[in-house]
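Kindly produce the complete structure, drawing on both the sequences and the hints.
Note that this note's numbering has the sequence shown beginning at -19, numbered continuously upward.
Calculated directly from the structure, the hints in this document are not laboratory data. Just so you know, not all the hints are guaranteed correct.
[What the hints assert, rightly or not] The following label-pair restraints were derived from C-beta to C-beta distances:
| id | residue 1 | residue 2 | range |
| --- | --- | --- | --- |
| 1 | ARG73 | GLU97 | 16 to 22 Å |
| 2 | ARG82 | ARG171 | 32 to 38 Å |
| 3 | ASP113 | ARG87 | 22 to 28 Å |
| 4 | ARG33 | PRO93 | 20 to 26 Å |
| 5 | VAL178 | GLY206 | 22 to 28 Å |
| 6 | GLU112 | ALA183 | 37 to 43 Å |
In this text, a Cβ means the ideal position worked out from N, Cα and C, and glycines have one as well.
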Amino acid sequence: MTQVTPPVGGDLADAPSGDGRADVPRVYRLPGVYAPQGDTELLLANLAREELRAGARSLDLCTGTGVVAVASALRGARATAVDVSRAAVTAARLNALRHRCRVRLFRGDLEAPVAHERFDLITVNPPYVPCEDPALPARGPRRAWDAGTDGRLLLDRVCVRVPRLLTSSGTLLVVQSSLSGVTATLDGLRRAGLRARVADRRAQPFGPVMSSREDWFAARGLVPPGTRTEDLVVIRASRA
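Right, here's the structure in full:
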């Protein structure tokens, strides 16, 4: 029998917007699927500021529980979501049903299942945590956050491959950590022909994963010794 974790969201579901916080739809999470956290909340807050007309085509990559895709669908978008994890796709399907909204779901590598389509709004919360392993995990919970020694194995691919999926007036929102090269993301998106800027930023204490790597981050020069916080950053990029 499939094990389903109780709905997550908690106090975040009632948090006011306007200070980098946003309403987070309550969702079910299967074991191994990334739970909505501070980066999810910040991405949702910025999504809420975007004009999203009824029938607009939205795409959420690395969708996890599908919470961002669900939020887009609840605003009337024709939502599509992709994740490499079978459990994540299943969780996203359950959560679309829970909220009685329609989300088209694919299991695949980043944008590959929809590479020939175009979207008005694309959101991405990719794995971005630097780790000692230079390769992406093939399985297990670390696949939801680990992204190579600089945290950019997915971010660099997003910069190269995702801009071509935007319509002529489309917008891309990417959330990442300050430890994984904000300038590199801005430069990469600009090389792809987009106008890119930091749209939002919020300091957040290290969680369990980041805390366990605090000394390694310092040894790599990613943070000063003793640092126990990171900045979560939303980058907005568009053709217009």
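Hint check, failures only = Structure breaks hint 6 only.
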